[in-house]
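Protein chains in written order, with this note's numbering: chain X, 8 to 354; chain S, 8 to 354.
Derived by calculation from the structure, the hints in this document are not laboratory data.
Don't be surprised by glycine CBs; every beta carbon is placed ideally from N, CA and C.
Any given hint might turn out to be false.
What the hints assert, rightly or not - With the C-beta cut set under 10 Å, the calculated list includes, among others, these residues of chain S facing chain X:
hint, residue
1, K44
2, A51
3, L53
4, G57
5, E69
6, S93
7, T106
8, L129
9, E132
10, T147
11, N169
12, P173
13, P276
2 protein chains.
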Amino acid sequence: MLEDKNQERTSLEKLGEFGLIQHLTKSFKLNHKSTLKGIGDDAAVLDFGGKKAIVSTDMLVEGVHFDLSYMPLKHLGYKSVMVNLSDIYAMNAIATQITVSIAVSNRFPLEALEEFYAGVALAAELYKVDLIGGDTTSSTKGMIISVTAIGEANEADITYRNGAKPNDLLVVSGDLGGAYCGLQVLEREKEVFKVNPNNQPDLSPYTYIIERQLKPESRKDIKGLLQGLEIKPTAMIDISDGLSSEILHLCKASEVGCNLFEEKIPLDPTVISACEEFSIDSTLVALSGGEDYELLFTIDQKDFPKIKGNPHFSIIGHMTDKNEGANLVSRSDTKIPITAQGWNSFS
Amino acid sequence: MLEDKNQERTSLEKLGEFGLIQHLTKSFKLNHKSTLKGIGDDAAVLDFGGKKAIVSTDMLVEGVHFDLSYMPLKHLGYKSVMVNLSDIYAMNAIATQITVSIAVSNRFPLEALEEFYAGVALAAELYKVDLIGGDTTSSTKGMIISVTAIGEANEADITYRNGAKPNDLLVVSGDLGGAYCGLQVLEREKEVFKVNPNNQPDLSPYTYIIERQLKPESRKDIKGLLQGLEIKPTAMIDISDGLSSEILHLCKASEVGCNLFEEKIPLDPTVISACEEFSIDSTLVALSGGEDYELLFTIDQKDFPKIKGNPHFSIIGHMTDKNEGANLVSRSDTKIPITAQGWNSFS
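Chain X with its partners taken away, still in its complex shape (with noise of 0.2 Å):
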C-alpha cells in the first residue's frame, strides 16, 4: 500500500495553477443532466429543475485528518470524495455534483496530485457525481483538502435529523467499529516500520477493517433499499465521529431521548478479534471509533416488520422521551447515559 518513492516528479511551479487544474481535470466526465457546466469557468452551473439542492462541505488537513505515511494518495482521494457524499446520502438525496479544492506544499510533486485526483476520479465514476469545480493551491505545511458536495431529492424524501418521536426505532447500517479497528492495526505497523522499514508484515486477516479505514464506501444504495421496503426514515444522520456522538446529535435535533442496546450493536468478527488482540473493548470503539460512514436512521413502529431480519440493517434501540435522556443499555442490562466521545479535532 506504500507510495514508489522512485517515482518520476514534475514541480507544480512548472505548470502553474490554471495548467494544473486543466491537466487533473481533463479525464473527468458529466453525468448528470443537471450540470449545465462543470469546470472552466468562474463558476458551474447547476441545473435542478423541481428538485431540492442538498449541499455539504468538508475539510481533511494532513496530519489531524489522514497520515500519509501509510493512506495512499489515491485512497486519500477516493475517501475525501466519500465523507462528503456520505453526507448527502444522509439527507436521503442523490449525490449529484463535487468541487474538490486541495493546498499541497513544495514537497508534493504533479504524480503525487495525479495519484489524488485518480482517487477522486474513481469515487466519481462509482458514485455518479460530476466533477465540477475545486481550486488548486500551495501550503506552507502538508496537505489540505476541502471537497463540497451537491445533491438533489424531492422535497418529500428528504430526511432531517429532527424528525425522530418517541418509540421509533432506532437503526444503523451494515457494521461499526471496522475503521477505527483498521487504524490501530496501520498505527501499529507504522512503529513496525520504523523500527524495521524491511519489514514485510502479512496485514490479511486485517484486509476488511483496514479497507474500512483506506477506502471507505459511503451508503449510497440506503435510500434505493429503504425506498424498496416502502419505509421513509423519520430521522437519519451519518456515523462520521461515532455512534454515540450521532445518537446526542438525532436526540437533540429531534428532542428525543433513547435506549440503545449494546447487544445489539453490529460487529464484523474481524473487529470483534482486532478489538481483543488490542485489548480494547469493542462496544467504546463502536461508540467512539468514528470514520465507518454508515448512516444511522429512525423509522416509526409500524415498518418493524418490513426490515425485521433484513441483512443490510440491525434495529439497535428505540428513541423514548426527552426526559428520559439517552442511554446504553448494556449487556448487565443496567442504563449508562451516552456521553459523545466521538472524534474531536480540537483535543
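Assemble chain S onto chain X, guided by the hints.
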C-alpha cells in the same frame, strides 16, 4: 488595524467542533427563500425552482494568500467571502448562499475565529448571502479557509467566458492595480514595524489602495447596471489574478484575439502616485497585480452608445480574430503580445 494582543483567550478544545460551529454561526440569519435548510444537519437544502444554480469555490492559505501580521481577521473573513462572490457575479448571476470551512492551529483562540466570522457575517449581510454550512477543524500549521459560493440566475442571463466574438468591445469595471499597490504599502510597513514596533505610520494617503487590498468589494452591482443599460455581455470573467491573465482566459475560451490599449486602462490617482513612489510601472501593476475583483467583459459593438462615458465602466480594447493574438497596444502605439504574468501560488 493591528489586532489587540491582550484579548481574552478561549481555547477551541473546550468547545469542540460542534459547539464551535454553533457558537460561531448562531447570529447568522437566512435571507433567501431558496434556502430551505441552512446549518445544522448533514447538508443544506436549497430550492432554485426554475432557475439555474451557480457554484464556485476557493481556498485561502495563511502565508500564501494572506499575512495575518497586517490582515485583521475580520477583514480576512470579509475578503474570503468577496473572493468567491466575485466568481458568481462574473457569471452574471446573483449570489445566494455560501459555505465557509476553516482549519486553524492551536495558536488561534476562539476570539480570533469570532473576529473572522464577524467579517463573514458582515459580508453575508451586505451582499445578502446565506451562510448554509461549513466545517471547522484544526490544522498543524496556520489558518486555511475554503469558501464555496452558490448563486442563481435565469439561464438566458448566464454569461460564460466563451462568448466573445471578434470586434466585441472589451470593458472593465472600476479601476485596476489598487490591491497590489496596497499590498506594497503594507509589506513596507511590516518591515518598518519589525525595526521599530512603536512607529505609528500615517497611512492616510494610502487609504484607498489599502482598502482595495484588505477589504475588497465584489461587483454585485454590475449585473443590475448592465441590465439598466440593456446590455447583455457576450463573455465575462472576474479579475482575481491580474488583467493579462484574465484577458488570456477570455481569449482562449472564446477563441479570439484582442487589442488592449494601454492608455485606456483605468487607474486611480492613488495607484499612479504609489507606483511612482515604489518605482513600479503602473501598466504592469494593472496587468499582473491581481486581487482587484473587478469584472472584465465583452459587449457587442452595437452597445457602444449605451455604455460610452458611463463612469462605472472603461472600454479598454476590442476583440480580434484569433490569429492576431492577444496584444497590448502601448502608448507609443507598439503592439506587445500579452503573456500571463498573473499571480501563481506555486511560484
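Results of checking the hints against the structure:
1. K44: For K44 (chain S), the interface hint holds, since the closest Cβ of chain X sits about 7 Å away, which is under 10 Å.
2. A51: Holds, because the Cβ-Cβ distance from A51 (chain S) to chain X comes to roughly 4 Å (cut-off 10 Å).
3. L53: Holds, about 4 Å.
4. G57: holds (7 Å)
5. E69: Hint on E69 (chain S): holds, closest Cβ of chain X at ~7 Å, below 10 Å.
6. S93: holds (8 Å)
7. T106: holds (4 Å)
8. L129: This interface hint is violated because 21 Å lies over the 10 Å limit.
9. E132: violated (20 Å)
10. T147: This interface hint holds because 4 Å falls under the 10 Å limit.
11. N169: holds (8 Å)
12. P173: violated (21 Å)
13. P276: violated (30 Å)
Going through the hint list in order, the structure does not satisfy hints 8, 9, 12, 13.
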